[in-house]
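Student: Each chain, written out:
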Amino acid sequence: MDFYGVALGSRLLLGTAGYPSPAILAEAVRRSGAEVVTVSLRRESGAERAGQGFWSLIRELGVRVLPNTAGCHTVREAVTTAQMAREVFGTSWIKLEVIGNHDTLQPDVFGLVEAAGLLAADGFEVFPYTTEDLVVGERLVEAGCRVLMPWGAPIGSGRGLNNLYGLRAMRAHFPDIPLVVDAGIGLPSQAAAAMELGYDAVLLNTAVARAGDPALMAAAFGQAIEAGRQAYLAEPMPMRDMAVPSTPVLGLAFRG
Amino acid sequence: MKILVNNAAREIAGPSLADAVEQLGFGNAVVATAVDGDFVPARKRASMMLRDGHAVEVLAPMQGG
Numbered sequence: 001m002d003f004y005g006v007a008l009g010s011r012l013l014l015g016t017a018g019y020p021s022p023a024i025l026a027e028a029v030r031r032s033g034a035e036v037v038t039v040s041l042r043r044e045s046g047a048e049r050a051g052q053g054f055w056s057l058i059r060e061l062g063v064r065v066l067p068n069t070a071g072c073h074t075v076r077e078a079v080t081t082a083q084m085a086r087e088v089f090g091t092s093w094i095k096l097e098v099i100g101n102h103d104t105l106q107p108d109v110f111g112l113v114e115a116a117g118l119l120a121a122d123g124f125e126v127f128p129y130t131t132e133d134l135v136v137g138e139r140l141v142e143a144g145c146r147v148l149m150p151w152g153a154p155i156g157s158g159r160g161l162n163n164l165y166g167l168r169a170m171r172a173h174f175p176d177i178p179l180v181v182d183a184g185i186g187l188p189s190q191a192a193a194a195m196e197l198g199y200d201a202v203l204l205n206t207a208v209a210r211a212g213d214p215a216l217m218a219a220a221f222g223q224a225i226e227a228g229r230q231a232y233l234a235e236p237m238p239m240r241d242m243a244v245p246s247t248p249v250l251g252l253a254f255r256g
Numbered sequence: 001m002k003i004l005v006n007n008a009a010r011e012i013a014g015p016s017l018a019d020a021v022e023q024l025g026f027g028n029a030v031v032a033t034a035v036d037g038d039f040v041p042a043r044k045r046a047s048m049m050l051r052d053g054h055a056v057e058v059l060a061p062m063q064g065g
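Chains as they are written, first to last, in this note's numbering: chain Y, 1 to 256; chain Z, 1 to 65.
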């Protein structure tokens with residue numbers, strides 16, 4: 001699997017927010033096997049310098065970072081935040097979020113397409129947080145995106161894959177674009193289900209950070225995602241409505 | 001001069017953004033800056049002159065999903 005020419009072994013992208021402690025975050029990243037973690041930018045206090053310690057921790061983990069534009073509600077906010085992130089984190093990768101609704105945190109897909117075009121033209125490699133809408137996906141690809149990240153369910157909801165049909169259709173519609181289910185995953189089984197659909201990777205945060213034992217849950221997600229990938233490659237059997245006996249009936253005793 | 005730093009009123013000597021970053025205690029911190037909503041790269045902070053009322057954003061790495 002590769003994103004913008006960068007080959008990755010792990011298909012889990014892990015968020016870094018909401019962990020009980022920095023040490024538990026570090027342990028969760030290690031146990032997950034993730035090679036990419038998402039990060040953000042926030043206002044810094046000259047006195048507290050909270051961000052500096054966080055950045056040291058992430059650099060020590062030796063993973064690649066995918067900065068996000070979380071919390072941005074306009075194209076201008078998102079573009080400026082992306083530019084600031086590129087300088088601070090030293091990467092042209094950007095997880096582009098343009099939020100359209102406070103309750104669902106669903107993407108403003110119109111602003112998303114506009115911002116993606118501006119950023120791609122400025123040399124960014126954009127990972128757009130989008131919906132499973134195929135036409136929006138096409139517009140994002142036209143705007144220069146070489147990865148698409150549809151939501152499974154609203155951010156932090158843990159509801160899993162709300163629209164299996166839509167996600168399956170998206171996989172079929174974009175056979176050559178890396179697809180990542182981003183947001184809404186609550187359980188390893190849901191992540192495995194995304195991988196069984198043929199998705200290239202899963203991005204999640206809250207399901208690990210808010211687990212009772214984040215590091216153990218991170219390991220569980222890593223295994224589930226690998227299992228789901230192998231199941232996809234192994235070509236699952238077709239689903240049927242009626243039973244089909246798995247034990248051969250030929251030669252069965254007591255039958256005339 | 002009176003400016004806004006991360007939406008809080010601050011009195012600084014300035015005159016450049018580079019001076020302000022130093023005066024606000026960020027020194028060698030890993031931060032990115034914007035003025036009135038536009039990104040100002042680190043290499044351009046010295047030539048970015050501030051004036052009363054400018055809204056400066058100073059952002060640093062933070063946890064994110």
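Heads up, some of the hints might be wrong.
What the hints assert, rightly or not - Covered stretches of chain Y, as calculated for chain Z (at least 3 residues, CB under 8 Å):
| no. | stretch |
| --- | --- |
| 1 | 136-149 |
| 2 | 224-235 |
Claimed, not checked - Here are the simulated distance ranges between beta carbons:
| no. | chain 1 | residue 1 | chain 2 | residue 2 | range |
| --- | --- | --- | --- | --- | --- |
| 3 | Z | M1 | Y | H73 | 45 to 51 Å |
| 4 | Z | N7 | Y | M239 | 35 to 41 Å |
| 5 | Y | D176 | Z | K44 | 35 to 41 Å |
| 6 | Y | A50 | Z | P41 | 34 to 40 Å |
| 7 | Z | S16 | Y | R43 | 17 to 23 Å |
| 8 | Y | M239 | Z | L4 | 30 to 36 Å |
| 9 | Y | G5 | Z | R51 | 56 to 62 Å |
| 10 | Z | N6 | Y | D2 | 33 to 39 Å |
| 11 | Y | G5 | Z | E11 | 45 to 51 Å |
| 12 | Z | N7 | Y | I177 | 24 to 30 Å |
| 13 | Y | A23 | Z | P41 | 31 to 37 Å |
| 14 | Y | N163 | Z | R51 | 24 to 30 Å |
To be verified - Far from chain Y by the CB rule (all over 12 Å, computed), these chain Z residues:
| no. | residue |
| --- | --- |
| 15 | N7 |
| 16 | A8 |
| 17 | A13 |
| 18 | G14 |
| 19 | N28 |
| 20 | A29 |
| 21 | A42 |
| 22 | R43 |
| 23 | L50 |
| 24 | D52 |
| 25 | A60 |
| 26 | M62 |
It should be emphasised that the hints constitute simulated quantities derived from the structure, not laboratory data.
Note that this is a predicted model, so its numbers are computed, not measured.
Idealized CB from N, CA, C, for every residue including glycine.
Student: Against chain Y, does A60(Z) hold up as non-interface, every C-beta pair farther apart than 12 Å?
Tutor: At about 3 Å from chain Y, A60(Z) fails to clear the 12 Å cut-off, so the statement is violated.
Student: Within 31 to 37 Å: is that where the Cβ-Cβ distance between A23(Y) and P41(Z) falls?
Tutor: Because 34 Å falls inside the window, the suggested range holds.
Student: Confirm or reject the claim that M1(Z) and H73(Y) have a C-beta distance inside 45 to 51 Å.
Tutor: violated (30 Å)
Student: At the C-beta level, are G5(Y) and E11(Z) separated by a distance inside 45 to 51 Å?
Tutor: holds (48 Å)
Student: Please check whether the beta-carbon of G14(Z) is more than 12 Å away from every beta-carbon in chain Y.
Tutor: About 15 Å separates G14(Z) from the closest Cβ of chain Y, which puts it past 12 Å; holds.
Student: Given the hint of 34 to 40 Å, is the C-beta distance from A50(Y) to P41(Z) inside that range or not?
Tutor: The hint (34 to 40 Å, Cβ to Cβ) is violated, given that A50(Y) and P41(Z) are roughly 23 Å apart.
Student: Is the distance from the Cβ of N7(Z) to the Cβ of M239(Y) consistent with 35 to 41 Å?
Tutor: The hinted range 35 to 41 Å is violated for N7(Z) and M239(Y), with Cβ atoms some 54 Å apart.
Student: Given the hint of 33 to 39 Å, is the C-beta distance from N6(Z) to D2(Y) inside that range or not?
Tutor: holds (38 Å)
Student: Against the range 35 to 41 Å, how does the distance between the Cβ atoms of D176(Y) and K44(Z) compare: consistent or not?
Tutor: At roughly 39 Å between Cβ atoms, K44(Z) and D176(Y) fall inside 35 to 41 Å, so the hint holds.
Student: So the hint says 24 to 30 Å: do the beta-carbon atoms of N7(Z) and I177(Y) match that?
Tutor: Given range 24 to 30 Å: violated, Cβ gap about 39 Å.
Student: Just checking, M62(Z) versus chain Y, shortest CB gap more than 12 Å?
Tutor: violated (4 Å)
Student: Are G5(Y) and R51(Z) spaced within 56 to 62 Å by their CB atoms?
Tutor: violated (44 Å)
Hints 1, 2, 3, 4, 6, 8, 9, 12, 14, 15, 16, 19, 20, 21, 22, 25 and 26, counting from the list given before, are not met by this structure.
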